[in-house]
Structure formats: structure tokens, C-alpha cells
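Could you build all of it, start to finish, from the sequences and the hints given here?
Sequence order for the protein chains is X and Z.
Counting from 1, position 141 in the first sequence corresponds to residue 141 in the numbering used here; the numbering is continuous, with no gaps.
Counting from 1, position 359 in the second sequence corresponds to residue 359 in the numbering used here; the numbering is continuous, with no gaps.
A few chain X residues that face chain Z, going by a derived Cβ cut-off under 7 Å, partial list only:
{"hint": "1", "residue": "Ala47"}
{"hint": "2", "residue": "Phe91"}
{"hint": "3", "residue": "Ala97"}
{"hint": "4", "residue": "Gln98"}
{"hint": "5", "residue": "Tyr101"}
{"hint": "6", "residue": "Cys102"}
{"hint": "7", "residue": "Cys136"}
{"hint": "8", "residue": "Ile140"}
Since the hints were derived computationally from the structure, they do not count as laboratory data.
Note that CB positions come from ideal geometry on N, CA and C, so glycine has one too.
Okay, here's what each chain looks like letter by letter:
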Amino acid sequence: MARLTLKVNGKNQTVDVEPEMPLLYALRNDLQLNGPKFGCGLSQCGACTVIMDGNAIRSCVTPVGAAQNKSVTTLEGLGNVKKLHKIQQAFVDEQAAQCGYCINGMIMSTKALLDKTPKPSDSQIKEALAGNLCRCGTHIRILRAVKRASGQLA
Amino acid sequence: MKTIELNRRQFLKGTGALIVSFNLFPSSSLLAQSNPGPGIDADPTQLDSWLAIAPDGTVTVFSGKVDLGTGVETALAQIVAEELNVPFNKIHMSGLDTTKAIYQGITAGSRTVERAGPQLRQAAAAARQELLKLAAARLNATPDRLMVKDGIVSVAGDVNRNVSYAQLIGGKQFNVKITATGTGWDMKVAPEIKAKDVKDYTVVGTSQKRIELPAKLTGEFTYVYDVRVPGMLHGRVVRPPTITSKPTSVDESSVKIIPGLVKVVQEGSFVGVVCQTEWAAIKAAKELKVSWSVPGTKMPASADEIYAYIKNTKSLRDQVTVNKGNPETALTQANKTYEATYRWPFQLHGMMGPSCSVADVGKEQATIYSGTQGSFETRKAVADLLGFPEKNVRVLYREASGSYGRMGADDVSEDAALLSRAVGKPVRVQWMRADEHGWEPKGPAQLDLIRAGVDAQGTIIAWDFADRGFPLTAASGGGLRLLASRQIGMKPTADGNSNGSRGGGDMYAFENQKCAAPLIPWVQADETPLRTGYLRAPGDIARCFASESFMDEIAADLRVDPVQFRMRYLGANKRGAEALAAVVKQARWQERPSPAATSSGAKAPGRGVAISNRAETICGAVAEVEVDTSTGNVAVKRFVLSHDCGLIINPDGLKNQIEGNIIQGVSRALMEEVKFDSTGIKTLDWNSYPVIRFPSVPEIEIVLINRPEMPALGGGEPSSAPIAAAIANAIFDAVGVRLREAPFTPERVLAGLKKA
Numbered sequence: 001m002a003r004l005t006l007k008v009n010g011k012n013q014t015v016d017v018e019p020e021m022p023l024l025y026a027l028r029n030d031l032q033l034n035g036p037k038f039g040c041g042l043s044q045c046g047a048c049t050v051i052m053d054g055n056a057i058r059s060c061v062t063p064v065g066a067a068q069n070k071s072v073t074t075l076e077g078l079g080n081v082k083k084l085h086k087i088q089q090a091f092v093d094e095q096a097a098q099c100g101y102c103i104n105g106m107i108m109s110t111k112a113l114l115d116k117t118p119k120p121s122d123s124q125i126k127e128a129l130a131g132n133l134c135r136c137g138t139h140i141r142i143l144r145a146v147k148r149a150s151g152q153l154a
Numbered sequence: 001m002k003t004i005e006l007n008r009r010q011f012l013k014g015t016g017a018l019i020v021s022f023n024l025f026p027s028s029s030l031l032a033q034s035n036p037g038p039g040i041d042a043d044p045t046q047l048d049s050w051l052a053i054a055p056d057g058t059v060t061v062f063s064g065k066v067d068l069g070t071g072v073e074t075a076l077a078q079i080v081a082e083e084l085n086v087p088f089n090k091i092h093m094s095g096l097d098t099t100k101a102i103y104q105g106i107t108a109g110s111r112t113v114e115r116a117g118p119q120l121r122q123a124a125a126a127a128r129q130e131l132l133k134l135a136a137a138r139l140n141a142t143p144d145r146l147m148v149k150d151g152i153v154s155v156a157g158d159v160n161r162n163v164s165y166a167q168l169i170g171g172k173q174f175n176v177k178i179t180a181t182g183t184g185w186d187m188k189v190a191p192e193i194k195a196k197d198v199k200d201y202t203v204v205g206t207s208q209k210r211i212e213l214p215a216k217l218t219g220e221f222t223y224v225y226d227v228r229v230p231g232m233l234h235g236r237v238v239r240p241p242t243i244t245s246k247p248t249s250v251d252e253s254s255v256k257i258i259p260g261l262v263k264v265v266q267e268g269s270f271v272g273v274v275c276q277t278e279w280a281a282i283k284a285a286k287e288l289k290v291s292w293s294v295p296g297t298k299m300p301a302s303a304d305e306i307y308a309y310i311k312n313t314k315s316l317r318d319q320v321t322v323n324k325g326n327p328e329t330a331l332t333q334a335n336k337t338y339e340a341t342y343r344w345p346f347q348l349h350g351m352m353g354p355s356c357s358v359a360d361v362g363k364e365q366a367t368i369y370s371g372t373q374g375s376f377e378t379r380k381a382v383a384d385l386l387g388f389p390e391k392n393v394r395v396l397y398r399e400a401s402g403s404y405g406r407m408g409a410d411d412v413s414e415d416a417a418l419l420s421r422a423v424g425k426p427v428r429v430q431w432m433r434a435d436e437h438g439w440e441p442k443g444p445a446q447l448d449l450i451r452a453g454v455d456a457q458g459t460i461i462a463w464d465f466a467d468r469g470f471p472l473t474a475a476s477g478g479g480l481r482l483l484a485s486r487q488i489g490m491k492p493t494a495d496g497n498s499n500g501s502r503g504g505g506d507m508y509a510f511e512n513q514k515c516a517a518p519l520i521p522w523v524q525a526d527e528t529p530l531r532t533g534y535l536r537a538p539g540d541i542a543r544c545f546a547s548e549s550f551m552d553e554i555a556a557d558l559r560v561d562p563v564q565f566r567m568r569y570l571g572a573n574k575r576g577a578e579a580l581a582a583v584v585k586q587a588r589w590q591e592r593p594s595p596a597a598t599s600s601g602a603k604a605p606g607r608g609v610a611i612s613n614r615a616e617t618i619c620g621a622v623a624e625v626e627v628d629t630s631t632g633n634v635a636v637k638r639f640v641l642s643h644d645c646g647l648i649i650n651p652d653g654l655k656n657q658i659e660g661n662i663i664q665g666v667s668r669a670l671m672e673e674v675k676f677d678s679t680g681i682k683t684l685d686w687n688s689y690p691v692i693r694f695p696s697v698p699e700i701e702i703v704l705i706n707r708p709e710m711p712a713l714g715g716g717e718p719s720s721a722p723i724a725a726a727i728a729n730a731i732f733d734a735v736g737v738r739l740r741e742a743p744f745t746p747e748r749v750l751a752g753l754k755k756a
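Structure representation (C-alpha cells):
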């Protein structure tokens, strides 16, 4: 066990964990941030995506020790129901979810994409989200939501 | 149960918001539901069992239905808002708690709007009638002079004489009896009360936004995965690789160094670990050394072996849905006969979030948080497992990830219950990805055999369809046993539920016609990972694939356009013909026989059509594909679907479901197959069991056919049915290759091209 300091959503937080434990469990269980989800533990589905130093990463395979001295943003760091982030608002506008389990990953991957590429093309969006699985089949709405969030849809 | 109550009190004091879902509504203490309390089920003949109006006018609905991520709660809320004449945003769906909700049957089969919709509507109509009675007395006017808008009753022509629902009853009980006969899906509620005329609808038929969506997009929504109760520990189950054989040794020393290990649990053949933290539980489950006995049941070695077993085994029952004339005789008299066999593989639900449950089992009582489709069924299963009376088990529904039928078999709640009992503390269990891919009850393989004969004019005079397949042997609460129950030695007392029987050409009228779906026995001495469970539009996808491919084969042989050919047999089926006409119009279908003229390019385009009827919801489907003749890869470029589910409650919500069915259907048609051999399941992750990704998603066009004159029918799954069939027919149209086995992988297409 080690005492680690994590910077999550702009706040420094201390957790007592094993450094090799995946970041996901520190976020969910130690910091009680429910945005990131456990989907596979294999970096195959994207449900656990968070942003670390500007990059969308899979928190289910990233050791929590590797997140020290880095800035981590989770879904909770974007907005809340009373004050939605523009990406979240775009997902509401397009009703771009069904069960919503994958949506954390969709929104966080979108955030990382738009931060680097503010006006992505359709194929850039599809490419950026190709590693995020959605089993309900909400893909078309998600694509529209990303277009809307990037101001490319009326 | 105590810990839960404590937590709720903490919540009300504002100190512990962890287990309570995000909502803006009054806490239950302000509601006047006639709460029967633990141990007594809600009485559907009490109006107060159905809904309660709070002092602020909020209407809380104690529905026995749950939202499985399809948005059906929003649709049900619209129905109640409509009937009561209150604003949509004043409706609060309480969430299912077995100590409060009325039993309306399992949430499944696209039957929620169809069956629970009218039940809630009539309860709301009864409430409205009662409120008008109260208002008439208060306003000193006869009820026929009263009107209601936004929950305010006023006197016609004198709007200043008004009173709100909240003023009339807010926080108080109705204390009114209503009629409710029958149970579950079949319960008839207050049929004598006249509901609103459909032509006066203002909320039903509009695209209200999903109630819970914003919270899901911010992490504030409490899924079952996010439930935390005080003192909660974490558990994982250790299952054998192949079959539920017996552990011959469990080496506790292999995990004792793991910090936070609480207990290695063994009960019968059930093995699990409980730890202080989730990570410790994951590690302990992985590292625990268990030796398993040689299983008593043989795991099938290949898909071929399964199909041979299905073909050669006597059925339990034949499920004959159509039996008209004499197909055998007609076949001997036919000018030409056709025969084909189609194969559909085992497939996964593949829920994105593996199964999860939190159980708190005490000496006499248990509380379960679960994403089950049947909270009352889970209650029964857990009560049986623990040897408790049902009334001592409370199940609280918390939404899981989309499960498409998988949560009709609530395995994980049994796991959590056993582990919680073993340590005397609440335990959260989530399955790992390999557990879910390996041990979920799968959509079973089907083998469909069809024969037909045509006369000299090319008219089908004989049709004999047999969909041979397995019953669904994994379900909560109905004499079937789930994994943990079987592992502690409980035996199933039933042979399984039907995987459906419709869709084998029964939309068409042929002179001599037989459609059957023989069920082949599939309960083994030991449970194998080839367990079977309801998978979205159970069985219909395979039956539609077979029957609609076969129609196409005959049309192609007779050189008739596939749409025109189908229309000939839809004479009396007006909705079927209209759905087909609507989809081909939208698709700009060009009449000609299939296959298309040989294309010169490397990518051959093709189009295919199929129609379906699931639970009286009718769909027409047109797929447009491109087949890469060098790689065999099939790309679905455009999908057009017409959809008639009677009265539409929420058009956008419905479209969302249809889009999902199409995309999931494309995935299942093109790439999904559970692979296995005698040592177990080989597709234990998303790489070995690929599903569709963004770059492969087709363009989608949907034609909604609204029928306000009809009851509202289901929209959650019927449009799954025709997807694979339309794609198979489009592939044939493109390259002249008839695929009779799904999925339509590049290897199968290439093999077909080589033969052609």
C-alpha cells in the first residue's frame, strides 16, 4: 500500500492504494466518481475512459501509480445536471444514449478529440471513437452529438 | 435491511447521498402511497398502490416495470401525464422496490408499453375520475362542467373557480378501491373507467426527452454498479472453465497474502472470494488455486456437433403455429420443389457492463440491489436459494447497462446473496469480462429446415417450416436454476421456456402451410457455458433470416422481383403489405429480379428486402450492401426500415430503439458468433467476439407508421427481426452468393464466391 496524491478534476486528492491497482478503482471506489465505468478491464471497450494530461486513456489498465503528478479529468469534471458542459448538452439535444453505460467513454473521447481538433470531419470522429463500443447501437446519435458539440450542426 | 434504512435516513439528513438515485422529487416520506410495508405485496385494487400526489403536485408512479435503458419509463410517464392532465415533468417514476411496486410482470418481450401502458393509463384514469369527484364537491359544480389542465381543475366558463390536484389530495391517500383482475402482463385494471379519447392526446405522441438522460451524461445517475451501502465488501466468483463441475481442492494459502482478503467462500460447488476492496477481490479470484473434478456433462466440441444434435434429437414439443391444408401432399403435386437449411449460431447479449449486484443478507432477511428485468422473479430465486420466505427478501431495482434479455436470468444476485450470507455483511459482486462473455446465458443456436413447392404458374402451394432449437433454460424464478443455485445442488424443475415460435413465414398465406418451432431438450446434468436465455427478439432473427431468405431464393429462381413476389402472399395482411410498401418507397426500390447484373468493380452493390412481425409490431426492411469480391467483406451502407407498432407514444424514443436494433442487428448478422470447443468458450473478450464499431455503422432511414386507432404495441426489439434476412438477401443480390449460415463473415462470402 502507498499513499498517493492524485490531481482529479482540478483537486488534489490522497488515496491509500496499491500503486499497480488500475486507476479506475481509485476513481470509483476511493474517490466515488461514478462516471468512469468498468467494462472489460482489458482496454477493449472504452467505458472507463478518462483524460490524463490531455489524452483519452483507459483507466482500467492504467496503474494508479502512473497517474501521480498528472492531471486527470473524469466525466464529473465536465459538468453536472444543473450546468451541463457543451458536449453533455449536445448529447441531451440529440438524445444520444440508451442505457448510457458507454457514454462516459464517448463523451471523454469526444472531449479529447475536440480539444485537439475543434472541427473534426465525420471520418475523424468515427476514427476517434472507433475504440469505444456501444452495444445499444446509439452510434448515429453519438456522431450527431459530436458534430453538434463542435458547432457543425445547426 | 437495517443498513439500508440507516442510509436512507442519512440521506434525508443530507449526509449520505450515496445509494439514492439522482432525483428532484420528494422523498418517500412525503408521499402518501398506501405502503403495505415489508412482507406484504402492493394491492393493485387500491388506487393508492399505483400513484401518489405530493403537496407540490408531483405525481409519483409506483410502476412494477423498469427501464432497461430503452427509455420506456419516459413513455410510461407520458401515458400517466396524458391521462391525468398534468405536465409531463410532474411525473416521477419511483423505481421498482418489491415492497412497494405492483407486480406487472417481468420487463421483457417489448411488452411494457403494450401491457403495462394500459394498466397505468387506467389507474391514472381512475385517479382522475376521483379527483374530479373531489373537485366537484370543492367547487360546488357537477363533474361534467369541470375541465383539467396542468393538474388544475376549473369550472368551464368560470376559470377562476379552480383547485389543483395538490390542493385536493396532495400528501393524502385516495382510499379508493379499483378493479384489478388477473396478474402480471395479463392484469386488467379498471376497464370500466373511460380513458381519454386518443384525438385529445397532447403528451402521448410527442418526443419528450428521456427523463434520466442528463444524469447519465454527467455521472450523477446511480446505476446498480454505483450502489454503495455502509460496510459493503467486494466479492468475485470463481467459476470453472467449462462446466459446473466440483472443486476437488480450494487452496486458501494461494491468496492469504492478498491484503484485504476477508474470506474464501465455498458452498457446494460454488466458490468465491470476499475482500475489503474491489481490487483485492479481483486479484484473489484470479489467484485462488482451485482444482475441478471431471465434469459429468460433455461440452459439445463444435458448432457442427450442436447442429447435428439439434437435427437428430426428438423434440420436447413442436410449437406448431400454422397448420393449414396438407403441405406433404402438396409437395408431391408441386411443379417444382425447394428445400434449404439455415443455421444461426450461439450469440451473446454482450452487455457493456458485466453483471453486478449488491446483497445484504441477514439471519432472516435479505436486501438485493439488482438490474434484473424481473425484480419479483429475482426475489423468488434468491428466497429459494437462501431458504427464506419470499416476503423476507426485498429487491430494489437499479439500472444496469443495456442487457437485451440477459437480466431475465439474474445470476449475479444469487452470487452476491451467497457471498453476503457467508460473511454476514453486504457484498457487491461484479462479474469480470471473461465471466460475462463465458457464462452469460446465450442466445441459442437454431437450425431451420424449410421445404416449399410451386405450381406451374409459380405460385407457392406448399410451405413447411421447422425452426429447431433450444428452450431457454436460464431464467430467474420459474423452476429453472441459475448458476449459483445449481452449484449448491438445486435442480431445475422445468425444461425451459420457449425461444418463440412465430416468424417462419406465417405473415404469408399459402394454400398448404405448416410453421413449427420444435424445442430440443437442453437441460444437462451439469450446467455448461452454452446456457440459453432470452436474447432480443428471441428466436425471431433466425426464423426471419431463414423464411425471408427462402422466399428470396424462390423469387430469384422464378425470376420475380422479391417485393412483388412477397406482395402476392400478403393479401389479407394489410399492415404487412403497407409496411412493405412504405419501406420500398423510402428505399426507392427498383423492381427487378435478384441477383443484380454482374458488377465490373471490385465492390459489388446489392439490395435486399425482408419483413417481420414480432408481437404484432410489423417491420419492413431494405438493406443496401457492398460486397468486396476480393476480400469477401460485406459493408452495409444504408438501411431503411418501416415500423408499425400501432399508436406511437414517443416518436424519437421509438426511433432511438429502432436505430439500436438495426445497428445491433447488423453486428449480429455480420460478425457475431460464440466459439467453443470441448474445453470451453473461446470468445471471452471483445477481440475474439467482435461487435460493430463506428466506421461500419450504416446510414439509417426510418419510416414510422402511426396508427392512433390501434393500441400501442412494443418497439424495443421487433425491428431486430428482419435485419439479418435483408442483409443476406442483399448479399445474394450483389454477388449471387446465398449464405445460409450466420454470421456473414468474409470467409463465408469468399467460400461462396469460389463455389459460384
